[in-house]
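Protein chains: 2
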Amino acid sequence: MTNVAAHAASCTNVAFVNTLMPQPAKIATAPGCLTLDNTFSVSIAAYRDARLDAATERMLNRLSRLAAVPHHLAIQSGTSADLVIDVKGQGSVVPSLDDDESYVLNVTNDHARLEANTVVGAMRGMETFLQLVQANGGSGFAVPGVEIHDQPRFRWRGLMIDTGRHFEPVSVIERTLDGMAAVKLNVFHWHLTEDQGFRIESRRFPKLTGMGSDGLYYTQEQAREVIAYAAARGIRVVPEFDMPGHTTSWLVGYPELGSAPGPYEVQRTFGVHDAAFDPTRESTYKFLDEFIEEMADLFPDAYMHLGGDESNGKQWRANPEIERFMKEHNIATTQALQTYFSQRVEKLLEQHHKHMVGWDEVLQPNLPKDVVVQSWRGTHYLADAARQGNQGILSAPYYLDHMDSAAQVYLADPLPGGEQLTAEQANLVLGGELCMWGEHVVPRTIDSRIWPRAAAIAERFWSPASVNDVNDMYRRLGVMSLRLEAVGLTHISGPEAGLRQLAGSEDDGALRTLASVVQPVDFGQRYREQRTSQLTPMNLLVDSVRPDPPMRHELEMLVEGFLADSSHKKNRDELMAIFHQWVAAGPGLEAIANRSPLLADARPRAAELSVLGRMGLDAVSSLSAGKRRPAGWASRSLETLTRDKNHNGLVDFVVLGPLEKLVGAAGKVR
Amino acid sequence: MTNVAAHAASCTNVAFVNTLMPQPAKIATAPGCLTLDNTFSVSIAAYRDARLDAATERMLNRLSRLAAVPHHLAIQSGTSADLVIDVKGQGSVVPSLDDDESYVLNVTNDHARLEANTVVGAMRGMETFLQLVQANGGSGFAVPGVEIHDQPRFRWRGLMIDTGRHFEPVSVIERTLDGMAAVKLNVFHWHLTEDQGFRIESRRFPKLTGMGSDGLYYTQEQAREVIAYAAARGIRVVPEFDMPGHTTSWLVGYPELGSAPGPYEVQRTFGVHDAAFDPTRESTYKFLDEFIEEMADLFPDAYMHLGGDESNGKQWRANPEIERFMKEHNIATTQALQTYFSQRVEKLLEQHHKHMVGWDEVLQPNLPKDVVVQSWRGTHYLADAARQGNQGILSAPYYLDHMDSAAQVYLADPLPGGEQLTAEQANLVLGGELCMWGEHVVPRTIDSRIWPRAAAIAERFWSPASVNDVNDMYRRLGVMSLRLEAVGLTHISGPEAGLRQLAGSEDDGALRTLASVVQPVDFGQRYREQRTSQLTPMNLLVDSVRPDPPMRHELEMLVEGFLADSSHKKNRDELMAIFHQWVAAGPGLEAIANRSPLLADARPRAAELSVLGRMGLDAVSSLSAGKRRPAGWASRSLETLTRDKNHNGLVDFVVLGPLEKLVGAAGKVR
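Listed in order, the protein sequences are those of chains A and B. For the first sequence, my numbering assigns the number 360 to the initial residue and increments by one for each residue that follows. For the second sequence, my numbering assigns the number 360 to the initial residue and increments by one for each residue that follows.
Chain A with its partners taken away, still in its complex shape (with noise of 0.2 Å):
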C-alpha cells in the first residue's frame, strides 16, 4: 500500500560528477555505489539523541523529495541499513567554536556509512551525503561511491544579518539559517540594533522597543525558538548590540544615555549619525550592566558582539560635561574615549561571562587579549590584531551590498598570503564573515542578495585553500543555488515575483530578458542616486534583478571559447540565440515599460538592450563569416559599451566585459 515503484536493480554503475559545495577536505571514489529507492534505509548506530534523531529527519524529508523515497520513513538502530549514521557523542549542545565538525562519509558496495565524533559533525556529512545524490538511469537515484573524509579550514565561518534598518522577521532568518547549514556555515551574527530600529525584546527596558522599533521586533520568546533553529543545525548565533554610536533607537526611549539632550527620533535615514552613549556617566554602565546581563542570559553563545564602529565622536565634542570629563582622565581624543568605553564594556561582558566582539574600530594598543576583532575595513587590520595577539575574523571582502560577484570574492582569503604572521599569529584568524546590510534589503529581496554567492564564500572559509578554481566554482555553484531553493530560499523566485508584479502579467518574458543581463548597482550609489531611506519602498526593478546573475559568467565563458575558436557551431549558435533575444526583447520591454509607472529609471537601460544584442550579432557574425565590418563600427560600439558602463541608473549591465572583447575582435577582422 505505499509507493509503487519498484525496487531498481543493485547499484553497479554511476560514475561519480562532483558538485559538492563546499568542496570536501579530501575526497576519492570508491567501487560500487547505493541505490536510492522505496527500500532504503537508515539506521543510527552507536550515540543517539533527540537533536540527531531531528537532523536525520530533516535530512529524509529532503531526499524524499529530491529522490522520491518516501515520506515518515522510520529510522532504525543498528548497522544493518542502507545508510549508517555512526556518532560517538553528542559534542557540545550549545555550539562552540571549538566544536569538532569533521566527518568521514563512506559509499560503496550498496552501503553508505557516516561517521563523526559529534552530532554536529554528522550533521556536516549529512548535507555531503545529500549533494552526492544523482541521477541512476533515467528512472531512478543514487549515490556513487566515495572516500570522504572532511574537516572545515576555519572554526568561524559566519553570516550577518542587519534587522536594524530594515526588520527581517523570523521566517526569512529560519530560511537563512537552512541555507547557511546547507553550504556549512556555523555562526549567524546577529545585528540587533541601529539608529533605525530596536529589534530585540527587554524586558528590564521596555521602552527599548516600545519606543525604537515601529512595532517591529524579536520577543524573546522568538529569539530563543532562532537560537534552538540554529542550534538545532549546528549555528552559533551571536548577538550584536552596537555601540557607542549606531544607538539612536536606544534613546527614543533613554535619552539620558546619549550624550545630547536629546529628544530622539527613530532615524530614517541612513550612513553616520552623530547620537552616541555617554561613555562618561556611571549611570550609563549601570543601564548596559542590566541590559547584558538579560541578553547574556538569553543568548547562550560565548561571544557577545557590540559593535563599535563608526563613532564619530561629534555629540562627545559638543558636551561640556564630556569635555570636562576628557580633560580629567588625560582622554585626549574621542577614539581613546572610545577605547575607554570599550574597555568598561569589555568588562561587563566579562562579569556576564561572555567574550567580546567588536569591529576593527575597537583595535587599540591596550586592546585585552579577550576582544575577537571583526574587520570590516580591511585585511591588514586582521593581521594587526594577530599581530597584537587578538583573534579575528574577516569581512572587508564579503560585504554582500558591494555586489561583487562571486567571482571577485571566491579568492578573498581570511589568511592572505602577503600579510607575515607565524603560524600562531595564524590561528589568531578563526575565520571570516560574510556581511549582509540593511539598507536597501527587505524580506522579499533579501535571499537574492545573499544566495548563491554565499555558498562560494563558504567554500572559501571550509575548503582547502587550493580549492580556487572560478570556472568549477561557478558550474557547482549553478547547482548549489538549485539546491538552496529547494531548502526553501526565494533567492530565484524572489525577483521572478517581482519582476511579475513590475510587468503587472505573467507575461513578462522581456522583462526577464532584461533582468537576466543586469544587476543592482552596489549600496553608495543606489543610496546617492535615489537618496534612500527607510521609507522608500524597494519595489523598482532593481529589487527585483539579482548580482552576479548566471548569464554573467556564462557569456564570458561563451565569448571566450568563441574567440578562441571562431568555427565552434555550438558556441557560436549559443551567442547568436543569447543576442537574438535581446533583440527580440526590445518591442516587450518598451510595452512593458511604457505602462509601469515603477519601471520608469529602467527605461534607458531597456531601450540599450536591443542595442547591445545587434553589437554581439554583428561581432559574431563578422568573426564567424572573416567578413570586416562597415568603418566606425567598433569605435562607435565601444563608445556605446563605455557609456553604458558610466550610466546613471540603479541597475548594471554585466555583459558589458565579454562584448567588448566581441567588438575588439571583429574590429581587428580585415
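Read the hints as simulated data drawn from the structure, not as lab findings. Bear in mind that the values here come from a model prediction, so they are computed numbers and not experimental data. For every residue, glycine included, the Cβ atom is placed at its ideal position computed from N, Cα and C. Careful: at least some of the hints might be erroneous.
Claimed, not checked - Interface residues of chain B toward chain A, partial, derived using beta-carbon atoms under 10 Å: (1) 783; (2) 865; (3) 899.
As the list claims (entries may be wrong) - To give a feel for the contact side, a few chain A residues facing chain B, derived at Cβ under 10 Å: (4) 845; (5) 893; (6) 1001.
Take the given structure of chain A and dock chain B to it, following the hints.
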C-alpha cells in the same frame, strides 16, 4: 530626507478600468481621481480601534509597494486626509455570521472616502481601494473616480483546508488567510482531524497528537495565533473534528473509543476506512464532552463542524455489542445509528453553546433545526435541508481537487435556479465553501491548487448573481492572480520553482512551455494511477503544474477569434508564435526529461508537445492561406487528439479543445 519622487500634478484624467474581483454590488464612475504619491495621507475620522489601525497599516504597506507611497506613513485622525476612513463602530470583535460587511467607497477630485458600519466592512472596502490603483501616465499612480456601494450576496463564504492528510504549517494557513481577505472570503473551515493525522493539541487528551500526528500538529498557542490572524482580517475560523468515521488517528492513542478492539496505527493510505467511534458506549460521549468543552473554549466561533461523512458502518456491523445495542433500541440501520450518534453529539455542542455543522450525511428527517448542512454530494441536499428548515452551505461544485477550470465552476450557484425554494427557504442557504482536500497537496504545492481559482468562486459568493461573464472573469482573474502573489501566495512561483528542481537547472524554458499547457489530472485519476498514500513524495511534474493554467483560456479565445476571422493578423501571429514555441521546446524537453528520473512518467506528454505544435501550425497556415491539407490529415490529427484525451498519466493537456476546433475547420478547407 524622504523619498525624492516629486508630487505629481493634480489628478484629472484617469480612465477607470474595472479589474475588481469580486465585483461590487453597485459601481459607477465619478468625476476626478486621487493621485497617489509621496504626499499621500490617510486618516480615521470617527470610530477607531487597534484592529482598524492594524488593518489600515497593512493596507498602507501594500500601497507602498504597489504605488510607491512612503513606508511608515502615520495614520492621522480627522477628515482632512487624501483617504478618509469613516467607521461607525467596531461591529462584532469575534467575526460572526451576522457581520455587517457593507461599505461605501467614493473617490473624486483628489479625495477618497471609505464609509462602513463596522471595522470588518471597512476592511472589505480597503481591499477594493487597493484594487482600484492604476497607472497615472508613465511615472505615477492614481485611483480613478468611482462611487461604490457594496455588500455580499451570501453571508458564509468559506474555504476548507484539510490539514489531516497532509499537515500544513501555520505560515501556509496565514498566507491563505491573506489571500482569502483579498477576495473577501470570510470563513476558514479548518479540517483538523483525519484517519491520517490528528492536528490540534488537546491538553486533556495528549495522546491524540502524542500518538496520532507524527509530531505534526498545531499547538493551542498556534491555533490562537491563527484565530487572531483571521479575526484581524474579518475571517471566522470554524474547526472540524470529523466523526464518527475518519477517526483512526484518535484511536491510536485512545483505542477504547473505537468500535473494534484495535490496536490502531495512523493510516497512511487514503479512501474510506472502517475505523469508527463506538456510538453505543456512554464513555464515548463522556470523552467527547470533555474534548468538545476544551475545543469550544479554544475556538471562539459560534459554529463547530463535527463531520459525519463517509462512515461505512462496517465496524459497527462486526461488533456484537453494537448489534445488540441496535436491537435493544430499535435502530434498524447503521445510518440510523449514525443519526443517533449525531443527535447525541449535537446535544453536547448545545451544552457548550455551539451550533453544529455537518456534512450532508447528517441530513435525516429528525435532524435538529439548529444544524447547518454542508453539502458535498450535490446541490439537492441543500434544497432538501432548506425544505426541512435547516440552514446549508454548498460545497459540491467547489472541490478544488477535481481540477475543474474556473470557467467550469464560476457559474455554479449556491442558489440554483432549478430548485423551487420559497424566499424563506432560499434564505436558509447561507453560502458556499471551497474544499481543499489534503491527499495530494503539501505546503509547497497547495497554493496553486487553491489560487487563483478560489478568487473566481469568491466572486460567485460575494457579487450579484448577474455577474456571470466568463470571459470578463478571466480578464480580471489574470490581474487578481498577481495581486494574490503580492500578498504572499506562491501559486505562480511555487510551480516555477518546482519545474526548476525537476529540470535540475535554471535553464528550464522547455519544461515551462510544457507546463503552460498541461494541468494535474483530477484526484481520482491520480489516486488510481499512482496509488498515492501519505508516504508518496509529491515531487513529480503533476505537482508543479497548475490547474487551469492561463494558456487554456487564452488559446480558446485566440482560436475563437481566429476562426471567426482568419484574416485577422494579430490572432494568427499569436497562435503561430505559441505553436512554434511548442515545436521549438521539443529538443530541450527531451534532454531535460532524459536526465531527470522524476520526469519519467511525463515523457509521453513531453514528446507529444511538438506534435501538437505542428498540428496547430498546419491548421493555422492552411486556414490563413485557404489551402487544403493532404488527404487524411484531419482524421489522423483528430485521432491523435482523441488519443491524447484518453491517455494515462498524471497530467492532462488543456489545449486539446481549441486544437480540435482548428483541425476541424482546417479539414473543411477545400
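Structure-based check of each hint:
The beta carbon of residue 783(B) is not positioned within 10 Å of any beta carbon in chain A (closest approach about 46 Å), and the interface hint is therefore violated. The interface hint given for residue 865(B) is met, as the beta carbon of that residue sits about 6 Å from the closest beta carbon of chain A, less than 10 Å. Evaluation of the residue 899(B) hint against chain A yields a held restraint, the C-beta minimum of about 8 Å falling below 10 Å. Annotation: residue 845(A) was flagged as interfacial toward chain B, and the flag holds, the nearest CB pair being 6 Å apart, inside 10 Å.
Of the supplied interface hints, the one on residue 893(A) holds, with its beta-carbon coming within about 7 Å of a beta-carbon of chain B, less than 10 Å. Using the Cβ-Cβ criterion of 10 Å, the hint placing residue 1001(A) at the interface with chain B is not satisfied: the shortest such distance is roughly 28 Å.
In summary, the numbered hints that this structure violates are 1 and 6.
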